[in-house]
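K.L.:
Whenever a hint applies, use it, and build me the whole structure from the sequences.
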Amino acid sequence: MIRSLLTLLSSVLYLASSAQADPIRLWPDKVPGFPDDYVHKAHSEVDPMRVTDTSRATMKVFPADPKTATGHALAIFPGGGYSILAHKHEGEEVAKFFNSKGITCFVVYYRVTIKGGQKGYQFPGPLLDARQAIRHVRKNATQYKIDPNKVGVLGFSAGGHLASMCATRYADQLKGDPISDISVRPDFAAMIYPVISAIAPYSHGCTRKILGPNATKEQKVAASAEHLITKDTPPLFLAHNQFDGVSSHNSTVLAQAATKMKVPCELHIYPQGGHGFGMGVKGKHLAANWPNLLEQFIKRIPTKK
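Each residue of the sequence shown is one higher than the last, beginning at 6 in my numbering.
FYI, nobody ran anything at the bench for these hints, they're computed from the structure. Please note that the accuracy of each hint is not assured.
Unchecked claim - Think about it this way: if two alpha-carbon atoms lie no more than 30 Å apart in a straight line, the pair counts; the simulated DSSO-like pairs of lysine-lysine are:
#	residue 1	residue 2
1	LYS144	LYS309
2	LYS222	LYS120
3	LYS93	LYS289
4	LYS180	LYS124
5	LYS304	LYS144
6	LYS144	LYS93
7	LYS287	LYS93
8	LYS65	LYS304
9	LYS309	LYS155
10	LYS236	LYS309
11	LYS93	LYS35
12	LYS124	LYS46
13	LYS155	LYS72
14	LYS65	LYS214
15	LYS93	LYS150
16	LYS120	LYS35
Unchecked claim - Across the chosen pairs, the derived CB separations fall in these ranges:
#	residue 1	residue 2	range
17	ILE306	LEU179	21 to 29 Å
18	ASN219	GLY279	32 to 40 Å
19	LYS144	GLN261	32 to 40 Å
20	GLY217	PRO307	36 to 44 Å
21	ASP70	ASN297	17 to 25 Å
22	VAL51	PRO218	21 to 29 Å
23	ILE184	PHE102	33 to 41 Å
24	LYS180	ARG213	17 to 25 Å
25	GLY279	VAL51	16 to 24 Å
Here a beta-carbon is modelled for each residue, glycine too, at the ideal position from N, C-alpha and C.
P.N.:
Written as structure tokens, this is what we have:
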């Protein structure tokens, strides 16, 4: 009887902790990249599935059930061309699936705007937000009951580009980035139908947007992960439809670069078209099994001592 009551109490406490609390502000004070007098407003809703104008980045926490928790953490970057955030089907729905596998998830509302042309939103602004999210997770690892050596990133489309930047530019000192001894290198990075390159012929409007209209060759290379892979890049996971409107070459060139540098990389190319399928629908999307494949990939990654 006592054991049953304790189990019930544990479940109640878990459900309470899983309920959405107020989003965490990643920059409680000044947001780097914006003028000191910039007036930040609450994000606006495009529709029930998407938001925009997230100048002050936030993060929602989805804790894993303590009874099944693996110690892994996943920072999730929804896609939307750096204009919007598809925070439901590329964020919250994804978090709930990986919660069921014992992984604590953090859906990151990094800076995006539908208005375009505003410098505070341009590169490296979104990367500053993503790195701050990783810092917050590691700094509060005890609170979240996760292992700071099991922190990964998962991004979709433009969010995949952001995840690739986290995986390749973690050692770069970026203007406005706070000085900290907390590593921003993810322990693994997963990208689903990602934009990777800012260089023709595989570049996409979203990378051109965040670099601005007059980006130099050097700036484009610095936003193209296939040129930034080193032997110290963390393990990579990629899934892409072969005939996606965002060329699947984005994923294949990154996998080739990883192979050249002997970085572990798992690549899944599905002989189908379509972009933005999120978790996918069984019977409709060949790629619908990618979440299970990613879970298995995460389990195989050795934990640093």
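K.L.:
If a hint holds in the structure, say so; if it does not, say that too.
P.N.:
How the hints compare with the structure:
no.: 1; hint: LYS144 x LYS309; verdict: holds (17 Å)
no.: 2; hint: LYS222 x LYS120; verdict: holds (25 Å)
no.: 3; hint: LYS93 x LYS289; verdict: holds (19 Å)
no.: 4; hint: LYS180 x LYS124; verdict: holds (13 Å)
no.: 5; hint: LYS304 x LYS144; verdict: holds (23 Å)
no.: 6; hint: LYS144 x LYS93; verdict: holds (26 Å)
no.: 7; hint: LYS287 x LYS93; verdict: holds (18 Å)
no.: 8; hint: LYS65 x LYS304; verdict: holds (24 Å)
no.: 9; hint: LYS309 x LYS155; verdict: holds (8 Å)
no.: 10; hint: LYS236 x LYS309; verdict: holds (16 Å)
no.: 11; hint: LYS93 x LYS35; verdict: holds (28 Å)
no.: 12; hint: LYS124 x LYS46; verdict: holds (16 Å)
no.: 13; hint: LYS155 x LYS72; verdict: holds (18 Å)
no.: 14; hint: LYS65 x LYS214; verdict: holds (26 Å)
no.: 15; hint: LYS93 x LYS150; verdict: holds (25 Å)
no.: 16; hint: LYS120 x LYS35; verdict: holds (21 Å)
no.: 17; hint: ILE306 x LEU179: 21 to 29 Å; verdict: holds (26 Å)
no.: 18; hint: ASN219 x GLY279: 32 to 40 Å; verdict: holds (33 Å)
no.: 19; hint: LYS144 x GLN261: 32 to 40 Å; verdict: holds (35 Å)
no.: 20; hint: GLY217 x PRO307: 36 to 44 Å; verdict: holds (40 Å)
no.: 21; hint: ASP70 x ASN297: 17 to 25 Å; verdict: holds (18 Å)
no.: 22; hint: VAL51 x PRO218: 21 to 29 Å; verdict: holds (24 Å)
no.: 23; hint: ILE184 x PHE102: 33 to 41 Å; verdict: holds (36 Å)
no.: 24; hint: LYS180 x ARG213: 17 to 25 Å; verdict: holds (21 Å)
no.: 25; hint: GLY279 x VAL51: 16 to 24 Å; verdict: holds (21 Å)
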